[in-house]
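K.L.:
Chain residues, written in single-letter form:
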Amino acid sequence: MSTTKGQSRSRKASSSDDGPVAARARKETPVKTTAPSRNGAEAANLDSEAILDLYRKMNTIRLFEDAAQRGFRTGKVGGYLHLYSGQEAVATGLLAYYKDTDKVITAYRDHAHALLLGSQPTEVMAEIYGKGTGLVKGKGGSMHLFDVENGLWGGYGIVGGHIPLGVGMAYALRYQQTDGIVQLYLGDGAIHNGAFHEAANLAGLWGRDGMNPTLFILENNNYGMGTSVERATIMTDLSAKFDSYGIEHEDVDGMDLFAVLEVAGRAVKRVRETGKPFAIEAMTYRIAPHGAADFLERYRTKEEIAEWRKRDPIGLVEARLLEAGVAEKTLDEIKAEAKAVVDEAVRFAEESPDPPLDELYTDVYADGVMGDG
Amino acid sequence: MSTTKGQSRSRKASSSDDGPVAARARKETPVKTTAPSRNGAEAANLDSEAILDLYRKMNTIRLFEDAAQRGFRTGKVGGYLHLYSGQEAVATGLLAYYKDTDKVITAYRDHAHALLLGSQPTEVMAEIYGKGTGLVKGKGGSMHLFDVENGLWGGYGIVGGHIPLGVGMAYALRYQQTDGIVQLYLGDGAIHNGAFHEAANLAGLWGRDGMNPTLFILENNNYGMGTSVERATIMTDLSAKFDSYGIEHEDVDGMDLFAVLEVAGRAVKRVRETGKPFAIEAMTYRIAPHGAADFLERYRTKEEIAEWRKRDPIGLVEARLLEAGVAEKTLDEIKAEAKAVVDEAVRFAEESPDPPLDELYTDVYADGVMGDG
Amino acid sequence: MSVMTYREALRSAMADEMERDEAVVVLGEDIGVYGGTHLVTDGLLEKFGPKRVMDTPIAEGGFTGAAIGMAMMGMRPIVEMMTWNFSFQAADQIIQNAAKLRYFSGGQVSVPLVIRGPNGGGVQLSAQHTHSLEGFYGHFPGLKVVSPVTPEDAKGMMLTAIRDPNPVIFLEAGALYGTKGEVPDGEVLVPFGKARIAREGRDVTLIGYGRQVNMLLRVADTLAGEEESISAEVVDLRSIRPFDEQTIVESVRKTHRAVVVQEQWRWYSVASEVAAILQEQAFDDLDAPVERVSGAEVPAPYARNLEIAAFPNEKQIVDAVHRALYRKS
Amino acid sequence: MSVMTYREALRSAMADEMERDEAVVVLGEDIGVYGGTHLVTDGLLEKFGPKRVMDTPIAEGGFTGAAIGMAMMGMRPIVEMMTWNFSFQAADQIIQNAAKLRYFSGGQVSVPLVIRGPNGGGVQLSAQHTHSLEGFYGHFPGLKVVSPVTPEDAKGMMLTAIRDPNPVIFLEAGALYGTKGEVPDGEVLVPFGKARIAREGRDVTLIGYGRQVNMLLRVADTLAGEEESISAEVVDLRSIRPFDEQTIVESVRKTHRAVVVQEQWRWYSVASEVAAILQEQAFDDLDAPVERVSGAEVPAPYARNLEIAAFPNEKQIVDAVHRALYRKS
Ligand SMILES: Cc1ncc(C[n+]2csc(CCOP(=O)(O)OP(=O)(O)O)c2C)c(N)n1
Ligand SMILES: Cc1ncc(C[n+]2csc(CCOP(=O)(O)OP(=O)(O)O)c2C)c(N)n1
Ligand SMILES: [Mg+2]
Ligand SMILES: [Mg+2]
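Protein chains in written order, with the working numbering: chain A, 1 to 373; chain B, 374 to 746; chain C, 747 to 1075; chain D, 1076 to 1404.
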């Protein structure tokens, strides 16, 4: 535990040399809740079955990412490939509260979100392989996963660019009188982009009339590619930046599934009920490189990675389950099942055909103009 | 006095229904100094001669704007025309501390800045008239006044667009080891634009190493065209938005020249010495329409304008001077002199020739490529 | 039929569609309380209320992106760009999201969005406030780009735009908001991708769009009045993407000569494409090179005399016609 | 002469100029500690320190605007766009400020700025990460736009760009960073506005820029090897603005036929302009329409087979040449 609190505190603290204003801003944010919540599970009233299911999902994500990475290293996967490894607890905890009227939107690090929302691992892997059986027919690739039936609205490659979309989607959900909310994921690097600030201001403004049920989930893995938070801003208490838009916020230890579950449950309920935006900053870490082509990783030390690996989110859940008396064997079975799912996904992807060439010209326009089929 | 404090407080207070976060943010900003500072003049150690000179400048600005407005109404001036009337105390107080190593950059409401920095009123008016004798040869017009000899670096028409420029200029001033600072003016509407947020974050970041002597002057006249502050954001304490970038800030009654002088003196000194950015939010009001073509003004009431006119910045200085025993006659003489200066500017502008046609193709490139002379 | 201004034509199209379809909303800067800086949306707030007529902060990228999100959910937002000059701040949203979302979602998402506002110069707004962006946006697959000149087309094409399931860049002739014309009553939609023969002629084809079309019609009169009278056909492109190649090619097959006129800069522009198309598809029919008349290759100047010199004028066009007919001016 | 990669050529030009001139600085995302995502700036931080090699937050509009401000003050900033796809977020700064500042300041200000980075596709980055923006930026007066393909030009044109007193859009062939070539030692500047005859020929002129030039050279070989051998001249435009009209016109006066190839989309593009120029200035010399081969009119797809189909290929070009020579393929 102490490791992260150390990590996360030191990260926040890195702005101590920012002068009184930043210091004040830091003080002023709501009490941080990065402390582990023993009873997160209870708060989330999840029985051990439910927890085992989340554990299964986290394992599937990790193994899925490892397999995608192998596909890239062996030249079967092209383009960019951004892995979620290390951050599993965040999306797993948040999406445990997904309701079918909700919508989810994120950036390019989107495999986990698709898997958690119920997309077929086979089709997700096929998309990453660029096959016609892929989630978006091989047209988008790893960065552009969409499965609107299951609530996933992308998958975007331009940092900051998807944030205004999510805010507009949230407006539509209330305009259309649904009880849905938007789970909008962004990274610590995206928060310095103007698109975030313009969108957050609109969310706060529209939320005044209950017209903006946006739950911002800031996945602070301390790096935007190779640039650490403290090298990107001097006001490193990122969640406090939501104060400028009248958006309340809370921090959470993003490595601890149970802490995430607890905060997520409260936040989702509140956003759904009020129609006002809310923000969660999850302190997390990607143990994977930024992208599969990020070979050097000069921007961080092996030691730092090792420190965080000690708090691997899957390991933490495992410890808790064993502690709770779940048999080692049960966990091994689950891991085996997860592996089987991923192996099948890889097999499916490898054996799937390329998209038919005439797909090149479809889906440009919604109404067959200009050579669109 | 009470009027403004009422006005300004009510303006800040308008966020009281923004929920606890905004409320907290408001609380957390430094103590507001919108209260009038009787000794602002002393603090700025200005003798009455100096004050009379500032009074002269404010009158010149007001009469200049009235004349430009007449030019527009009579069809002699084209394009857009944005008047500074009502806001004179802000730039007059701030630029009283201009030093010749400093640079000034602002948006399109820029006539006063040029006049205060020592541009010839004749050439400024000629520019507004689109004449070849204008400050920028008739090529830019009212929105694009430049006089780099005197420290004016424009004059920009795209809201938010000039803010990153000012921050980069400030970096250059330190990189080149001068003691200059940048006075960067922006409006309350511009603060919602992404360009502001990206630039302010860079200013804070570069300021950490003393490489960003930017003095942000937020001229809060409560309207972005026809949109009031509280209709543009729910977190209406605009200066508090600088907290996100570790930039300290202070508010001032922008109608009171002496209050502005006091804050300006401290702020300019501090930015110059530290190389770190600082922000001043001046609560002010434009008694003129947004632009000369803003005829309806449906967005505000005659009563509101009348209320503010009671605190006309020129009237307030006048009262203080009379109180201090300056003779009415002296003030009348100054007004007459100011009028003479403006009349001469108009005569010059009207009699000046159009730019020669071959000017159309000059100043496109700094070296004569592609037809550029 | 009823006579209305270009401004009223746009407004009535929006009002009609808002009446007809709850999904249609309008958002932008000062379109509500202020009434719209060009009064195009005047009265809509009173009629449809603040949930459907939304004043926004000055954040073109943010509210354009939000409108894209609304459109993804099945709403039909109309974004007002106070002027198109401000759309550079929204270029990332328009080009990276609106234009491409349908493609990179494998057809799962569509973006029924209209972005409209005044385009082009002519009233001394100088460099930052004077752009003609037909080619700039027309370059990108996934967008539709139109530029009506008559009140009739303004209404008919706005109706089409609002019902279009794709993002539409609607470039209004800002200088013509006050001009009147006959407009058919009711739902008369004008399809995209169909150019309009504004005047029939035999000797030369004059091609343009937006406010240039009015100048081309004046030039056609002038040419008809010349000693050796020249009969000019005037084609109003109307739609930049999709583009009606057939109409201009057929016209040139008849006249054997073409002059294309635009306010925008020459390089990599609409006129470049028109010349390229004609030499590709009417190579043997052309008796002279396609002449191009474009804006001066400089940022727009402020001074009235310089601004006038920066835009195409009737004399330049007449001279171009004479060159195309190998006559001396 | 020394052999170096395209990447090394760019780096050595920047390093040389930074040595020579204190005013030159580099800024962008992950160009320092990370070494540059394409390693073009690798080593510069160690050599010149953090005040001259500045890692920035992800705020293209902000840091590009800041660089413009530095340039106004007499510094010579080089901005790295990690890829040009992100420049849409800086379009307002590039088009509204960098391109126009000198004009609307009446010549009081100049902006000696270089914005550089990889441009074009080919490695399955899909729709949002695949653009070829020569025409997009080339449209605007006030900007210079160049696109070198050889390591020699990469260095020579970068030296020219850094010393240019105007804003230069430097579009690198991202797919070619690793390709090697001979580069003259020392300060050998390559001027802008001068195209390069990459191969002499008699029967047809193949026109392109960037990585297409290499394909055109391969096609020229193919054509030479055909039964009825075709002698193709290959012109590398190099500079998009200013543009060398003379070289292509003279070549076509000789060959009477032209095929222009580009990765970017056809509509309102560089190829449109080339065709327009040739029909204007070589009307009587052209024995066939100028043929255009462009990228498929769709956002870039991800799947390898679709991406390959979306870009011009040798067969398409050969077919275009045959059409231009009225031969059947
Ligand atoms: C506008 C823009 N600039 C740069 C990039 C290149 N880029 C891709 S991911 C990334 C880092 C983003 O960091 P963060 O938001 O923290 O997300 P994370 O990768 O950590 O999940 C950058 C700079 C981009 N995609 N878009
Ligand atoms: C990006 C952009 N959007 C819209 C406009 C149109 N516009 C000109 S001034 C203005 C209001 C700006 O308000 P504020 O920043 O408060 O400055 P003020 O006019 O009050 O001095 C607007 C919306 C613009 N010039 N640029
Ligand atoms: Mg990150
Ligand atoms: Mg204002």
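Hint data in this document are derived by calculation from the structure and do not stem from the laboratory.
Don't take every hint at face value.
[What the hints assert, rightly or not] List of simulated lysine-lysine pairs, DSSO-like, C-alpha gap at most 30 Å: (1) Lys99/A / Lys797/C; (2) Lys76/A / Lys1255/D; (3) Lys269/A / Lys797/C; (4) Lys675/B / Lys793/C; (5) Lys449/B / Lys472/B; (6) Lys76/A / Lys1390/D; (7) Lys1390/D / Lys642/B; (8) Lys472/B / Lys1126/D; (9) Lys675/B / Lys472/B.
[As the list claims (entries may be wrong)] Negatives, chain A to chain D, calculated, CB over 12 Å: (10) Asp47; (11) Arg56; (12) Ile128; (13) Thr274; (14) Arg309.
These numbers come from a predicted model, not from an experiment.
For each residue, glycine too, the CB sits at the ideal point set by N, CA and C.
K.L.:
Work down the list of hints and note, for each, if the structure agrees.
P.N.:
Each hint, compared with the structure:
1. The hinted pair formed by Lys99/A and Lys797/C meets the criterion: a straight-line CA distance of about 25 Å does not exceed 30 Å.
2. Only pairs whose Cα atoms come within 30 Å are accepted, and Lys76/A paired with Lys1255/D is accepted, the gap being roughly 27 Å.
3. Straight-line distance between C-alpha atoms of Lys269/A and Lys797/C comes to about 24 Å, which keeps the hinted pair within the 30 Å bound.
4. Among the hinted pairs, Lys675/B with Lys793/C is consistent with the structure: their alpha-carbon atoms are about 25 Å apart, no more than 30 Å.
5. At roughly 35 Å between alpha-carbon atoms, Lys449/B and Lys472/B are farther apart than 30 Å, so this suggested pair is violated.
6. Pair hint Lys76/A plus Lys1390/D holds up; C-alpha atoms about 26 Å apart against a cutoff of 30 Å.
7. Straight-line distance between C-alpha atoms of Lys1390/D and Lys642/B comes to about 69 Å, which puts the hinted pair past the 30 Å bound.
8. For the hint linking Lys472/B to Lys1126/D, the alpha-carbon distance of about 25 Å falls within 30 Å, and the restraint holds.
9. Proximity of Lys675/B to Lys472/B is assessed by CA-CA distance (about 40 Å); at most 30 Å being required, the pair is judged violated.
10. At roughly 41 Å from the closest C-beta of chain D, the C-beta of Asp47/A stays outside 12 Å, upholding its exclusion from the interface.
11. The claim that Arg56/A is not at the interface with chain D holds, since no C-beta of that chain comes within 12 Å of its own (minimum 29 Å).
12. Distance check on Ile128/A: its Cβ comes as close as 9 Å (rounded) to a Cβ of chain D, failing to clear the 12 Å threshold; non-interface status is violated.
13. No beta-carbon of chain D is positioned within 12 Å of the beta-carbon of Thr274/A; the least distance is around 31 Å.
14. Under the 12 Å C-beta cut-off, the non-interface status given to Arg309/A relative to chain D holds; the minimum distance is some 22 Å.
The structure shown violates the earlier hints numbered 5, 7, 9 and 12.
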